[in-house]
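Take a look at the letters that make up each chain.
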Amino acid sequence: MNEILEKKQLNPTVKMMVINAPLMAKKAKPGQFVIVRVDEKGERIPLTIADYDRNKGTITIIFQEVGMSTKKLGTLNVGDRLHDFVGPLGKPVEFSKDTKRVLAIGGGVGVAPLYPKVKMLNEMKVPVDSIIGGRSAEYVILEDEMKKVSENLYITTDDGTKGRKGFVTDVLKELIEKDNKYDEVIAIGPLIMMKMVCNITKEYNIPTMVSMNPIMIDGTGMCGGCRVTVGGETKFACVDGPAFDGLKVDFDEAMRRQNMYKDMERKVLENYEHECKLGGILNG
Amino acid sequence: MSLKKVPMPEQEPDQRNKNFKEVALGYEENMAVEEAERCIQCKNQPCVEGCPVHVKIPEFIKLIANRDFEGAYQKIKETNNLPAICGRVCPQESQCESVCTRGKKGEPVAIGRLERFTADWHMKNNEDKIEKPETNGRKVAVIGSGPAGLSCAGDLAKMGYDTTIFEAFHTPGGVLMYGIPEFRLPKEIVQKEIDSLKKLGVKIETNMVIGKILTIDDLFDMGYEAVFIGTGAGLPKFMNIPGENLNGVYSANEFLTRINLMKAYDFPNSPTPVKVGKKVAVVGGGNVAMDAARSAKRMGAEEVYIVYRRSEEEMPARLEEIHHAKEEGIIFKLLTNPVRIIGDESGSVKGIECVNMVLGDVDESGRRRPVEEKGSEHVIDVDTVIIAIGQSPNPLITSTTEGLEKQRWGGIIVNEETLETSRRGVFAGGDAVTGAATVILAMGAGKKAAASIHKYLSEK
Ligand SMILES: Cc1cc2nc3c(=O)[nH]c(=O)nc-3n(C[C@H](O)[C@H](O)[C@H](O)COP(=O)(O)OP(=O)(O)OC[C@H]3O[C@@H](n4cnc5c(N)ncnc54)[C@H](O)[C@@H]3O)c2cc1C
Ligand SMILES: Cc1cc2nc3c(=O)[nH]c(=O)nc-3n(C[C@H](O)[C@H](O)[C@H](O)COP(=O)(O)OP(=O)(O)OC[C@H]3O[C@@H](n4cnc5c(N)ncnc54)[C@H](O)[C@@H]3O)c2cc1C
Ligand code: SF4
Ligand code: FES
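Chains as they are written, first to last, in our numbering: chain U, 1 to 284; chain S, 1 to 460.
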């Protein structure tokens with residue numbers, strides 16, 4: 001169990017792993033997540049279930065290497081085992097039967113959690129247009145996969161090295177203004193991107209689902225660390241979410257809370273990189 | 001004979017509030033014998049009645065007085081599976097010691113300290129000889145590995161059941177591991193108890209959140225013939241006052257889990273951080289609040305306040321812990337209730353606004369109700385706030401199991417005699433049923449449920 005069966009580098013900072021987890025693969029649904037620990041002393045890292053295969057008994061995770069824990073995860077290889085692998089956690093997403101047309105927007109590694117939802121809509125025969133974006137060409141992930149499940153796929157990059165130059169929100173505005181009727185928008189990516197998307201969809205009154213990624217510990221509702229304010233009420237993202245009505249989310253609070261440990265995390269990362277360098281020298 | 005208990009050696013307050021090593025150091029043999037001799041071996045044994053699991057108190061104490069320490073240990077073990085733990089964390093002053101005859105004049109016999117001494121003596125001097133019982137091949141599932149689950153699983157294994165514990169966290173032990181800090185209950189001791197369960201043949205599957213990866217119905221489909229739910233009360237309560245989502249506001253659960261389970265005190269060697277700040281307010285008056293406050297002090301906070309809306313008399317925490325907290329320099333703000341947490345421009349805590357309370361008439365809890373004193377608003381400057389006002393049972397299981405009845409506040413409803421729930425073959429006990437209570441009550445429930453499960457399966 002928890003053996004890494006496949007590993008792929010999707011871009012300079014994003015990796016994909018297919019994990020052997022038959023029991024979890026049976027239960028996983030789009031919108032849910034797992035918690036991973038790399039080693040005995042490791043942090044509990046929440047990651048979205050990017051895909052699952054019930055027959056093969058596998059779960060796919062896609063993660064961006066940001067700090068020490070995700071970098072360490074990235075050093076594991078095919079054949080290695082994850083120390084801990086808990087899930088599926090969180091509420092699966094649901095779509096109303098009346099949903100006829102959806103616009104899916106993914107930014108950066110956010111395309112990973114977006115993909116299973118679009119795939120599900122595709123299976124429900126709901127047409128989806130998708131916009132995916134990245135800093136530059138090499139940061140755009142899952143292009144082929146997204147193409148397969150979308151009617152139209154639009155790509156943006158901040159620097160114009162692929163698709164349109166600009167932000168996903170530029171295309172969003174255009175599509176809405178060109179009189180495309182969407183019953184729902186799904187937006188997943190950095191908090192600031194989701195906030196900007198919601199600012200636009202609010203104007204047009206289009207229901208918008210976002211996926212929140214607050215700092216988590218247990219992922220089962222025990223610590224309250226993952227709280228987000230939605231419509232003035234406190235919710236726990238790990239049990240009430242992670243998907244929420246984006247038009248009601250307090251993004252400013254969420255951004256502030258996410259940065260709570262920035263300085264301390266930098267320190268851990270520096271230590272780790274220092275050790276790696278030393279290790280590199282010692283190992284020759 | 002002395003009116004006072006033989007004192008237990010402790011680390012000096014000024015030294016211990018800077019480390020996570022155990023506060024109380026335990027009796028030496030001679031101290032234990034001296035204290036044991038204070039017991040007058042009452043005929044009617046009120047202390048036994050005062051103990052939720054009826055430890056044979058005078059008998060084990062007599063064995064200590066006779067220097068048969070191993071015999072004393074075995075005597076306790078007849079009814080209590082976790083003496084090293086209970087001897088450290090049980091609220092003896094409101095249980096066995098509260099009714100001890102010696103307490104009528106002077107201090108009661110230090111039953112708790114003697115229990116602890118006995119368990120520690122055994123651990124140091126004798127190996128547990130655990131024989132794996134022959135299994136009867138019938139499978140029982142236990143959900144949750146806190147004291148309720150551990151004691152239920154232990155008893156079931158001894159009766160020959162093929163018992164598996166499913167635990168949501170990556171480490172078994174429940175509150176004993178993630179909640180109660182190292183300086184009160186060394187994790188090594190909990191680990192030993194868990195190891196001895198394993199030797200009895202109990203299987204422990206960690207990282208299994210029941211209600212998510214498997215439901216109770218799945219467990220029955222997999223051939224488990226009965227299920228015990230010992231999932232505790234892990235859902236933190238908040239006060240619903242403005243500012244609770246500011247940076248620097250923790251639930252006690254999050255704060256203690258970061259420190260105990262994720263070893264944040266060893267940051268950055270351990271990668272999970274915790275922010276403690278210089279001035280900390282802990283809201284609440286129970287064991288959880290004391291633990292959070294004392295942990296904050298040990299993590300380097302300069303000033304730590306306990307903010308509690310009633311008076312010290314009503315505090316639910318163990319006397320010993322209140323006493324220890326005071327010695328360590330925790331400042332008690334009694335009859336004080338927070339109304340708002342104040343943030344700075346970057347969204348971090350910079351103060352907590354409180355009002356003074358006065359005690360009014362007795363309410364339904366039997367305690368005098370605190371009433372706000374008008375115009376008494378004042379701000380305490382703090383940069384961290386820890387909320388420790390209680391927990392309720394986690395709904396993960398009740399919300400995914402059809403036909404499992406629960407109270408409005410989340411507790412699972414059981415038949416008090418058998419601990420069977422509204423679902424046949426499903427039993428429950430501990431904090432999941434009672435709401436936040438004590439280790440010994442949870443253990444007692446686990447034992448009771450094991451007996452009921454045995455009866456149920458024998459008749460099935
Ligand atoms: C429900 C959920 C699903 C997620 N899905 C994905 C995914 O599919 N792919 C992906 O790349 N990332 C995902 N994340 C984010 C991922 O968990 C964090 O990037 C990761 O924990 C960072 O750990 P680190 O030690 O490498 O970085 P650190 O140095 O610890 O942190 C860097 C930054 O990451 C964030 N972070 C740190 N710890 C956590 C934590 N425990 N939970 C959430 N955010 C944290 C903070 O913003 C922090 O400033 C998800 C988060 C959540 C809550
Ligand atoms: C900080 C703190 C200090 C305390 N101090 C004292 C004290 O000094 N003396 C005293 O007597 N009592 C004390 N208590 C109370 C005491 O610890 C509890 O009453 C006792 O632990 C309850 O035991 P339990 O087995 O019912 O639950 P818990 O100990 O809460 O264990 C429940 C276990 O179930 C697991 N679980 C939950 N949901 C699921 C699920 N869906 N699937 C699988 N596993 C699940 C949890 O992860 C946990 O490990 C304290 C509590 C706290 C929090
Ligand atoms: S009540 Fe006190 S004195 Fe009497 S038997 Fe019990 S411990 Fe001994
Ligand atoms: S992660 Fe602890 S409550 Fe959500």
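Read the hints as simulated data drawn from the structure, not as lab findings. Each hint should be verified, as a subset may be incorrect.
For lysine-lysine, the following DSS-like pairs were computed, each having C-alpha atoms within a straight-line distance of at most 30 Å [to be verified]:
no. : chain 1 : residue 1 : chain 2 : residue 2
1   : U       : Lys-162   : U       : Lys-202
2   : S       : Lys-237   : U       : Lys-248
3   : S       : Lys-187   : S       : Lys-77
4   : S       : Lys-132   : U       : Lys-56
5   : U       : Lys-26    : S       : Lys-278
6   : U       : Lys-27    : S       : Lys-187
7   : U       : Lys-8     : U       : Lys-72
8   : S       : Lys-18    : U       : Lys-267
9   : U       : Lys-41    : S       : Lys-278
10  : U       : Lys-248   : S       : Lys-187
11  : S       : Lys-139   : S       : Lys-460
12  : S       : Lys-77    : U       : Lys-27
13  : S       : Lys-132   : S       : Lys-455
14  : U       : Lys-91    : S       : Lys-56
15  : U       : Lys-71    : S       : Lys-275
16  : U       : Lys-41    : S       : Lys-406
17  : U       : Lys-195   : U       : Lys-262
Hints, verified against the model:
Note on Lys-162/U and Lys-202/U: the hinted pairing holds, with a Cα-Cα distance of about 28 Å set against a maximum of 30 Å. At roughly 23 Å between alpha-carbon atoms, Lys-237/S and Lys-248/U fall within 30 Å of each other, so this suggested pair holds. With a C-alpha separation of about 20 Å, the suggested pair Lys-187/S and Lys-77/S falls inside the 30 Å cut-off, and the hint holds. Between Lys-132/S and Lys-56/U, the direct Cα distance comes to roughly 37 Å. Violation of the 30 Å bound is thereby established for this hinted pair.
As the CA atoms of Lys-26/U and Lys-278/S are separated by approximately 48 Å, the hinted pair breaks the 30 Å bound. For a cut-off of 30 Å, the pair hint linking Lys-27/U to Lys-187/S is broken: about 34 Å separates their Cα positions. As the CA atoms of Lys-8/U and Lys-72/U are separated by approximately 15 Å, the hinted pair is consistent with the 30 Å bound. Restraint check for Lys-18/S and Lys-267/U: satisfied, since their Cα atoms lie roughly 23 Å apart, inside the 30 Å limit.
Restraint check: the Cα-Cα separation between Lys-41/U and Lys-278/S comes to about 27 Å, which is no more than 30 Å; the hinted pair holds. For the given pair, Lys-248/U sits about 43 Å from Lys-187/S by alpha-carbon distance, which is inconsistent with the 30 Å threshold. Between Lys-139/S and Lys-460/S the alpha-carbon distance is near 13 Å, which keeps this suggested pair within the 30 Å criterion. About 42 Å separates the Cα atoms of Lys-77/S and Lys-27/U, which puts this hinted pair outside 30 Å; it is violated.
Proposed proximity of Lys-132/S and Lys-455/S is supported: the alpha carbons are some 22 Å apart, at most 30 Å. Between Lys-91/U and Lys-56/S, the direct Cα distance comes to roughly 49 Å. Violation of the 30 Å bound is thereby established for this hinted pair. For a cut-off of 30 Å, the pair hint linking Lys-71/U to Lys-275/S stands: about 23 Å separates their Cα positions. Distance check on the hinted pair: Lys-41/U and Lys-406/S sit about 37 Å apart at the alpha-carbon level, beyond 30 Å; violated.
Simply put, Lys-195/U and Lys-262/U have alpha-carbon atoms about 21 Å apart, close enough for the 30 Å limit, and the pair holds.
Violation of the numbered hints given earlier is confined to hints 4, 5, 6, 10, 12, 14, 16; the remaining hints are satisfied by the structure.
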